Amino acid sequence: MDDLTESAYIEHWREMHQNVVDGFIKLKLVHAEGTSLLVPDLLAVDAGGMRWLQPKYFYAPQLSFWDGYAAADIRLEANGGAEVTVGFTSAGLVASLSDSSQVYRCVISGPADLAQSADGTCSMDPSGDFRLDLFHHTTDQAAAAIRASGHFRGSSWNVQGTRELKNVAYAYFTSLQRITSEADLAKIAMASSSYIGLLRTNAVSMSEAIRLKVYRASTTDRTATVPVSVPASLVAPQHVYRHAPWGRAVYFEACRPDIYRVGLLPEKVAPFADGMLTVPEADRKCFEFMVLGDADTEAGLIAPFDEEETNSLLHIEACTDQSLFDFWRAHANSDQVAGRAPELLVFKDGGRAGADSDTGSATHGR
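In our numbering, the protein residues as written are -15 to 350.
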């Protein structure tokens, strides 16, 4: 394979994999202590209309650098446990987006019915960004108020729903078309009992589950739905778990991937018209990191929900003037964390929340 051209590489990739379809991948280059990683935000395929798949689990990428181009393979798991392998090359770069992500044309190998694993429908605009068809579930009264106002107000609460933030408010959406069960509530970090269970990677019994207090909600509070088309570049980065199972390869997990948040400056709103969300640049609030939680520890499991973690972060690289491949090769085997001081979330309480905590049970606008 030493003399393969880029097009020949892709054709060889097709020959070596099953059920190959063309698509797009949106992803970010991130750095942590001692490592760099590609975090896939979404896959998009045209299957009787454009659909997107939200990666739930993924492995570190395999990168290769050839004469004149570079290539990457990423293995991931999508909705319903569908195992997918994605391949793309440097020539497939479509766009560098405002959230420091890049979009590439790719080839995707997965189940023959891959479209059945889609999280929703979407469209691609001329800029290379995706518009995701998402949902905001609330009460009938609140839904009527949202439609009448033409905007969504931001919530000042963190993912866990127990602590208020000072420097950002989030408009909350989900890919779930309806909320009808406790399992649905848990997917969006809510529970009628106020608690969900978290299990360490190497736990041997469900009795080891950690009780985490979350926002108390009922399915009866989520009977009305406001559908909205949201640019993927507006969606806040999802925090990540690192799993190191005994005797197996390390893998990563998107924490609560059914939650989609749009960051706003406090007191600002997210306007929408004709079902399409459009937030002015001056009203947006973005952070250039993700929390990286060690999923085999109690603190690591809680960290992506609490969001106050500052010691274990994935720093997002803003590849605006070059491809992530170019950056990776130009900075190979170098420290990409030292000296970074990203703006962090600021909490009104100034303290820390933990497992089985009873703080912050007030109702909020999620």
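The set of hints was computed from the structure by calculation and includes no laboratory data.
Among the clues, some could well be false.
Said to hold, decoys possible - Distance condition first, Cα-Cα at most 25 Å in a straight line; then the derived SDA-like pairs of lysine to any residue:
#1 Lys269 with Met190
#2 Lys40 with Thr294
#3 Lys150 with Thr262
#4 Lys171 with Pro215
#5 Lys171 with Thr204
#6 Lys150 with Glu166
Being a predicted model, the structure only gives us computed values, none of them experimental.
Among the hints numbered above, which are violated by the structure, and what are their numbers in rising order?
Structure breaks hints 1 and 6.
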